[in-house]
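J.: Each chain, letter by letter, is given below.
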Amino acid sequence: MISRIVTKWVRPLLACCGLLVLPLVLSGCLSHWFLESETRLQLENATEDYSILSLDVVALDGNAYSSWISETVLPGERSRVEEGDWIGEFKIRVKYTESKDASGDTLEDYRVLDFEGGSMYLQVTASKKGKLEYKFR
Amino acid sequence: MGMQMRNVFRRALCMVPLAFGLSFADAIPVGALSASGAQARDQQLREIRDVMRGGRGGFLDLGFNYTPLPTQLPLESPYGEHEGFAFKQHVAGFGSGEVARNTQLGALLWFERSGWDGEDFFVLPQYNDFSHVASLTTWGLTLTQARYDVTFAGGMQHYNVEHVGDVYPEENDSLLYSWAHLRWNHFSLQGNFHRSDVRFLRLSLDLESRLVYGGRSRGILTYLPNVDFTVYNRSADRFSADTYRMNWEQNLYGQILYAEVSYDFPDDGFHSAALKYYPDASRMVAFEATCIRRNKEIDGTDDLLWGGGVEFPFVRFAYNSSYDYENFFHAKGTFIVEFQFNLAAIDGFLFARGGTRSAPLETITIEKKNKDKMPEGDNLIHLNPSDASTSVGNKPKTLEATGIRYEKSGNENGGKQ
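Those sequence lines, one after another, are chains Y and H.
Sequential numbering of the first sequence, starting at -7, is according to the working numbering.
Sequential numbering of the second sequence, starting at 31, is according to the working numbering.
This is chain Y alone, in the form it adopts within the complex (with noise of 0.2 Å):
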C-alpha cells in the first residue's frame, strides 16, 4: 500500500518539484555570475585642450535629463567613478569647453552609447578638427 503511494504519487510529486527549483535557481543569483545589473562608469578626459564639466544621459525627446557624472574633468585627468543603473542604448550630453581650466563658454555634444553593465571607462578624445570621439577601454 504505502510502495504503490510512493510510487504513484510521490516521485511525481518530486519531480516535478524538481523542475519547478531549476528555474528557480536559474533566476536570481547565479545569473549574476555573468549579467550585470548597474554601470560603473569612469570618465577619462583624454583630449589636450578641452576641460569637461559633466556626463548626463537625456531623453529621447530631449525633455529631460539625468546628471550620471557632475564634476569637471581637466585635461589628462579622470573623473570618480559613479555607478548609475543604464543598462542599454542611451543618448549622453557631455558639456564642455574650448580651454584647459574649465573656463569660457559651456559647450554640448551628444552622443548615443550602448552601455554593456559593469565597470566601464569612457576615454574621451579630440579629432584632428576638433570633434569629441569617444571609447570604451
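Hint data in this document are derived by calculation from the structure and do not stem from the laboratory.
Among the hints, a few may not be true.
Pulled from the structure, derived: some chain Y residues nowhere near chain H, Cβ distances all over 12 Å [said to hold, decoys possible]:
hint	residue
1	H24
2	E30
3	A38
4	E40
5	N55
6	S58
7	T64
8	V73
9	G80
10	D93
11	G96
12	L99
13	E100
14	F107
15	S119
16	K120
If you only want the chain H side, here are some residues facing chain Y, beta carbon under 7 Å, derived [said to hold, decoys possible]:
hint	residue
17	P108
18	Y109
19	E111
20	H112
21	E113
22	G148
23	E149
24	Q156
25	N158
26	D159
27	P199
28	F344
Computed spacing ranges between beta-carbons, pair by pair [stated by the list, open to error]:
hint	chain 1	residue 1	chain 2	residue 2	range
29	H	L235	Y	P4	33 to 41 Å
30	Y	E100	H	G184	58 to 66 Å
31	H	F295	Y	R103	19 to 27 Å
32	H	F295	Y	V2	49 to 57 Å
33	H	V367	Y	G54	33 to 41 Å
34	Y	E100	H	L231	37 to 45 Å
35	Y	S119	H	G299	55 to 63 Å
Cβ atoms here follow ideal geometry from the backbone N, Cα and C, with glycine treated the same way.
Knowing the structure of chain Y, use the given hints to seat chain H on it.
T.: For chain H alone, kept in the frame of chain Y given last:
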C-alpha cells in the same frame, strides 16, 4: 570575471534563442506597468468569480514567469530601452468546510507581485531607478448555503507599491479596496469599491452546465454561454469615460473547444477573441489562439495582435497571447514561459480553474468502480444527481468512499496492489 569574458557569456546566452529564429522582444512601456494594478485587481476578481462557481471545496494556484534574458522584455522609458526583467509571481488559495448542515464557510487569499526590475531576482529585487515593484493581495471570507445554492463572499484588496522608479507617471491607484461577490445558482454579481466609490460592477451569467458543480456532462445545457458584463467607473483607473465590457465564452464542441469574445462599449468596440482547445474538459491542458486589439493610447497603434499559447500542468508557453498582453505589461514579441500550477477540488473532483469535468485520473477510477452496476451510457451522471440545486447538499456521501475504491481496483488487478 573580466568584461571580455562576461560579454562572451552574454553573447553565447543570447545566441540560444536566436538559433531558434526568435525575434527579440518589444520593450514594455512604462504606462503598462503603472496601469497594471487596475488590471490585476480586475483579473484576480475574475479568477475568484470562477472559483466561487461552486462556493465550496478548495483551490490552489502557484506560478511565476521566467524570462531568462535581460534583452527579452526591456523597459521603454523616455530615455530609451533599459535591459532588465519583467516579472510576475502569484499564489492563490481557497479552502472551505462545513460549519453547519448545508452551510460552508471558507477563506480565500490571492497574492501577486509583479513589475520590472534590473535583476532577475526571486525574493529581493534590485530596486533601481527604473524598477517598478508592486504587489496585490486579495483576501476574503466566503459563505455558501448549499440548499439554496447561494454564495456570499467579501473582503479587501490591498495594492501595495514597493518601489517606483523616477520614470513612471503618477499613479492613479490608491492602496485599499474592498470587494463583494454574491452568487445564486448560475448568476453572480461582483463589486469592487474604493471607500464609497464603485470601481467596477460585474454581472456574470455562467449558464453553461458543469458536471463538477452538479450539472450535466453533455447535452444541450452544456452549450449555454457564459456571459459577463462589467461596468468600470469613469473616474477610476485607466478609463476616461464609463466603460462597459462584455465577455462571451461559448462551448463549441463537447466542452473541449471554446470560443471567447470580449467587446467594449460604447466606443472602443472589439477588444479580444480566443479559440481554446482543452483536450480534457478538466482544463489541465490547454491550447489557445488569441487575438487582441492593441491600445492606441499606449502602443500608438490600433491593430490586431495575434498570438497563442500552450498550457500544461506546471508550465505554460505563450507567444503574443492576449493573456500576457493584458496581464504581463503588454509583453509581446517574445516567448513567455510561466511555471504555474492550479488545481480546484470539489466533492472529490479535481480540475483546473474553469474546468467542467474531473481530471481523467479520477474519472477512470470512478468509472471502473461503477461499471457492474450501470447498464450503459453516462456513468458519471449517476454519481451526481443531475439537478444542481438538490445534489449539492447530499453529494459528498456518495463519493468519499476511497477505501472501497482501492479494494475494488486491487481485485481487478489480481490483488497485486
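J.: With 55 to 63 Å as the target window, see if S119(Y) and G299(H) comply at their CB atoms.
T.: At roughly 57 Å between Cβ atoms, G299(H) and S119(Y) fall inside 55 to 63 Å, so the hint holds.
J.: Could you check that no beta carbon of chain H comes within 12 Å of the beta carbon of L99(Y)?
T.: Non-interface label stands for L99(Y): nearest chain H Cβ at 22 Å, farther than 12 Å.
J.: Next item in the hint list is P199(H). Is there a CB on chain Y closer than 7 Å to its CB?
T.: violated, 13 Å
J.: Taking 33 to 41 Å as the hint, is the beta-carbon distance of L235(H) and P4(Y) inside that range?
T.: holds, 38 Å
J.: Against chain H, does T64(Y) hold up as non-interface, every C-beta pair farther apart than 12 Å?
T.: holds, 24 Å
J.: Checking a non-interface call: every C-beta of chain H should be farther than 12 Å from the C-beta of F107(Y). Is that right?
T.: violated, 9 Å
J.: Taking the shortest Cβ-to-Cβ distance between N55(Y) and chain H, state whether it exceeds 12 Å.
T.: Non-interface label on N55(Y) violated, nearest chain H Cβ at 7 Å vs cutoff 12 Å.
J.: Going by Cβ atoms only, is Y109(H) closer than 7 Å to chain Y?
T.: holds, 5 Å
J.: Going by Cβ atoms, does E30(Y) stay more than 12 Å from chain H at every point?
T.: E30(Y) not clear of chain H: closest Cβ-Cβ about 7 Å, inside 12 Å.
J.: Any Cβ of chain H at or closer than 12 Å to E100(Y), or is the non-interface label fine?
T.: holds, 17 Å
J.: Answer holds if the nearest beta-carbon of chain Y is closer than 7 Å to that of G148(H); otherwise answer violated.
T.: holds, 4 Å
J.: Does the Cβ-Cβ separation between E100(Y) and L231(H) fall within 37 to 45 Å?
T.: Violated - the Cβ-Cβ distance for E100(Y) and L231(H), about 54 Å, lies outside 37 to 45 Å.
Checked against the numbered hints given earlier, the structure breaks hints 1, 2, 5, 6, 9, 14, 27, 31, 34 and satisfies all the rest.
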